[in-house]
Amino acid sequence: MANPDAALRWQDRIEAVLVPAFALVVSLVIFGAFMAVLGKNPLDVYLFIYKGGFGSSFALRDALARAAPLILCALCVALPANAGLMIIGGEGALVLGGLAAAMAGHGLVLAPALVAQAAMLAIGMIVGGAWIMLAGALRQWRGVNETISSLLLTYIALALFNQLVEGLLRDPESLNKPSTPPVGDAHMLHAFGTLELHPGLAFGVMFALIAFILMRYTTIGFALRVVGGNPRAALLAGLSTTPLILFACGMGGAAAGLAGAIEVAAVHGSANASLNAGYGYTGILVSFLARHNALAIVPVAVLMGGISASGGMLQRRMDLPDATVLVLQGVVFLAVLASESLYGRFGKLWRGVRRAPSVAVNEATA
Amino acid sequence: MDHARSQSNRRDTLKRLAALGLVSAFGPLAGGPARAASKLVMGVIYVGPRDDYGYNQAQAQAAAAIKKNFPNVTVIEQEKVPETADVQRVMESMIEQDGASLIFATSFGYFDPHVLRMAEKYPNVRFAHCGGLWTAGKHPKNVGSYFGYIDECQYLNGVVAGYTSKTKKLGFIAAKPIPQVLRNINSFTMGARSVDPSITTQLIVTGDWSLPVKEAEATNTLVDQGADVLTCHVDSPKVIVEGAEKRGIYVCGYHVDQSALAPKGYLTGAEWNWITPYTTHVNDALAGKPLQNILRGGLKEGYVKTSPYGRAVVAAAKSKADAIKAQMVQGDFVIFQGPVKDNTGKIVIAAGTQQKQTDIALEQMNYLVEGVVGKV
Chain A
1 MANPDAALRW
11 QDRIEAVLVP
21 AFALVVSLVI
31 FGAFMAVLGK
41 NPLDVYLFIY
51 KGGFGSSFAL
61 RDALARAAPL
71 ILCALCVALP
81 ANAGLMIIGG
91 EGALVLGGLA
101 AAMAGHGLVL
111 APALVAQAAM
121 LAIGMIVGGA
131 WIMLAGALRQ
141 WRGVNETISS
151 LLLTYIALAL
161 FNQLVEGLLR
171 DPESLNKPST
181 PPVGDAHMLH
191 AFGTLELHPG
201 LAFGVMFALI
211 AFILMRYTTI
221 GFALRVVGGN
231 PRAALLAGLS
241 TTPLILFACG
251 MGGAAAGLAG
261 AIEVAAVHGS
271 ANASLNAGYG
281 YTGILVSFLA
291 RHNALAIVPV
301 AVLMGGISAS
311 GGMLQRRMDL
321 PDATVLVLQG
331 VVFLAVLASE
341 SLYGRFGKLW
351 RGVRRAPSVA
361 VNEATA
Chain Y
1 MDHARSQSNR
11 RDTLKRLAAL
21 GLVSAFGPLA
31 GGPARAASKL
41 VMGVIYVGPR
51 DDYGYNQAQA
61 QAAAAIKKNF
71 PNVTVIEQEK
81 VPETADVQRV
91 MESMIEQDGA
101 SLIFATSFGY
111 FDPHVLRMAE
121 KYPNVRFAHC
131 GGLWTAGKHP
141 KNVGSYFGYI
151 DECQYLNGVV
161 AGYTSKTKKL
171 GFIAAKPIPQ
181 VLRNINSFTM
191 GARSVDPSIT
201 TQLIVTGDWS
211 LPVKEAEATN
221 TLVDQGADVL
231 TCHVDSPKVI
241 VEGAEKRGIY
251 VCGYHVDQSA
261 LAPKGYLTGA
271 EWNWITPYTT
281 HVNDALAGKP
291 LQNILRGGLK
301 EGYVKTSPYG
311 RAVVAAAKSK
321 ADAIKAQMVQ
331 GDFVIFQGPV
341 KDNTGKIVIA
351 AGTQQKQTDI
361 ALEQMNYLVE
371 GVVGKV
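So the protein sequences, as listed, match chains A and Y.
Be aware that the first sequence starts at 1, since it is given in the numbering used here, and climbs by one per residue.
Be aware that the second sequence starts at 1, since it is given in the numbering used here, and climbs by one per residue.
Treat the hints as calculated values from the structure; they're not laboratory data.
Cβ atoms here follow ideal geometry from the backbone N, Cα and C, with glycine treated the same way.
It is possible that part of the hints are untrue.
Stated by the list, open to error - 27 Å max Cα-Cα, derived BS3-like pairs, lysine-lysine:
#1 A:K51 x Y:K346
#2 Y:K300 x Y:K356
#3 Y:K176 x Y:K346
#4 Y:K166 x Y:K356
#5 Y:K176 x Y:K341
#6 Y:K289 x Y:K68
#7 Y:K68 x Y:K168
#8 Y:K169 x Y:K325
#9 Y:K166 x Y:K67
#10 Y:K121 x A:K51
#11 Y:K80 x A:K51
#12 A:K51 x Y:K169
Unchecked claim - Distance ranges between label pairs, derived from CB positions:
#13 Y:K300 x A:R170: 31 to 41 Å
#14 Y:D332 x A:G330: 52 to 62 Å
#15 A:E196 x Y:P197: 57 to 67 Å
Turn these sequences into a full structure, and let the hints steer you where they fit.
Put into structure tokens, the structure is as follows:
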């Protein structure tokens, strides 16, 4: 406590946990009131959310399986966000990464399994990365807002995907559900461990860890954060912003592309319309809740996965519609966004120390 | 009310869980799935909302009927489940957490790999999948396919549309140019052209199963081009039926009865009657009989039905359609009867050849018949 900097850092860390937790509690109370208005006992609802999402090894496995693609899709938002870009086009990178992986897997059907699997994941990452880099390039060289362009690129990606899957790359055997040719059961990634965990989970956690270390402990990460914090200052400091921004977009896109490749390699076995399930969009929510912190994304994704897993229990046991969990997710999202204004204010309460809130936000986002 | 129900549900659940515990404790002693049971938990999984005025509602109607007709069957339902690993989790949690032993996986895309994987993992649970993909020797024995020959009803839609149309132009809004959909487009057109061979059907393909905005645009485009009777093959025909009514033209329904959405312009509709295969599967499960792997039928077997005629349908149309329907119910009517030409003039079914409902050639349909304006 002698060092005021250390004290401030601790205060930031405590806040980084307390503020989202507080937001979560507030949103649960609001959601509970909403349930009460609908004539359901909020305590029952909470109980079923807990049971259905986290309350048993089965439920936990369900939550983790749903979290796997969300982690990677959230990284597609978080990495560019650290460099000051708001990319919301992860879904496009996911489907194209998946498609590329499916074709690579089909092409390498005679190769050893490990080679085929590595190639599928690698090509998925390359294609996904290139796709999101496109949004970064449009911004750096053509001045197009990256939020809009990444969203619009998603529509182009989906159209391209559908055109290829239903046309040029279609397996003639897939009559009523147009798909690419199968990659073959022998080359698929399989669930692991006693909990039969989704293979994507390991990749997601690994990717998140790498991204966290990159952002926090490397010069590239530091440079990226400077670019994200103030691009002009970054230029003035002699940082070449364009390659850095393209790098952040490429990494983010690679995460989403990897999510698509894993969906193909672990779940579907070929690319088809089922790949377009909206993970890219839920990833945006997860990244915002985690305040674009790569490490925080993992528990937040598990929380979101658990909430959506519990949706089934709420439908089946309490006769609530599917949209119930969407309402909860929406309330959580709003509460977390609203709680942003609380950062840097607890210190005032505790010790009367006034701090510039912007510093706190930057530290916490890093 | 609701609260009381949830209370009793919880009690039931506790009882069920206790029962499940007993079953799993003594399970190894009691032999396998082929055993008569007095109670059954049945799970139904939908890809969209249960009240979509379309595909999912047709399935939900059957689930509701089971709930009503079988007091000893507990029906649990889950909607808007995507065709990803999610649906595997939902099936598992219905089995593990609710004790379901019969699962209706109602979306086509659930089959491979999701239903197949779960069926291997839970060999004592019965899986019924809508779509007709089960192949003997290739797929697990505890999986069954059910499907209906709804093209019969689309043919009847076409007959009624043929009598009603003044402009001789019909419109068809389709999701994807896959065999199942092409079969409906062709049957509808052939039905209409059996009334008047100068009739054409303008086809618009939207590209996906549920794209309400595109479907609304397609509806307006078709009306602007002069079509005065529409029908469709998309998951929820709601916006198309409503759009047609608003534009003052006629419409034939699909999946379920949509007459409430278009009281003036609704002519008739091609509806599923899933209660038939659902009842068969439930009865078999209760009696401990083996699962029937393939269940299919048309009007004759009661797998499909037509909506009651709307007020705009003229008497001649009713009597003609009823006569053909009577033949179909007898099993005497063949829709795909050669010679059939596609819309480029090529003969696709030779003169004298009959392709009956079970004909495998129909499942691989890749053409549009003469009279359809559009491309596959």
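task = Could you grab the alpha-carbon distance between K121 of chain Y and K51 of chain A and see if it respects the 27 Å cut-off?
result = Given that 27 Å is the threshold and the Cα spacing comes to 23 Å, the pair holds.
key: 27 Å Cα cutoff - pair K51 of chain A, K169 of chain Y   = violated, 56 Å
message = With the threshold set at 27 Å, check whether the alpha-carbon distance from K289 of chain Y to K68 of chain Y stays at or below it.
response = holds, 22 Å
message = Given the hinted pair K166 of chain Y and K356 of chain Y, is their Cα-Cα distance within 27 Å?
response = violated, 32 Å
key: Agreement of K68 of chain Y and K168 of chain Y with the hint, judged by alpha carbon distance not exceeding 27 Å   = violated, 44 Å
Distance restraint between K80 of chain Y and K51 of chain A, which requires alpha-carbon spacing of 27 Å or less = Answer holds: K80 of chain Y to K51 of chain A is near 20 Å, not above 27 Å.
ask   = Keeping to a limit of 27 Å between CA atoms, is the pair of K300 of chain Y and K356 of chain Y held or broken?
value = Distance ~13 Å between K300 of chain Y and K356 of chain Y Cα, so the pair holds.
ask   = So the hint says 52 to 62 Å: do the beta-carbon atoms of D332 of chain Y and G330 of chain A match that?
value = Given a distance of about 56 Å, which is inside 52 to 62 Å, the answer is holds.
ask   = Do K300 of chain Y and R170 of chain A keep their Cβ atoms within the hinted range of 31 to 41 Å?
value = holds, 34 Å
key: Hint consistency between K176 of chain Y and K346 of chain Y [alpha-carbon to alpha-carbon, up to 27 Å]   = Holds, because 22 Å separates the two Cα atoms, which is no more than 27 Å.
task = Assess, step by step, whether the Cα of K176 of chain Y is no farther than 27 Å from the Cα of K341 of chain Y, and give holds or violated.
result = holds, 22 Å
query = Straight-line Cα separation of K51 of chain A and K346 of chain Y no greater than 27 Å?
reply = violated, 61 Å
In terms of the numbered hints stated before, the structure departs from hints 1, 4, 7, 9 and 12, listed from lowest to highest.
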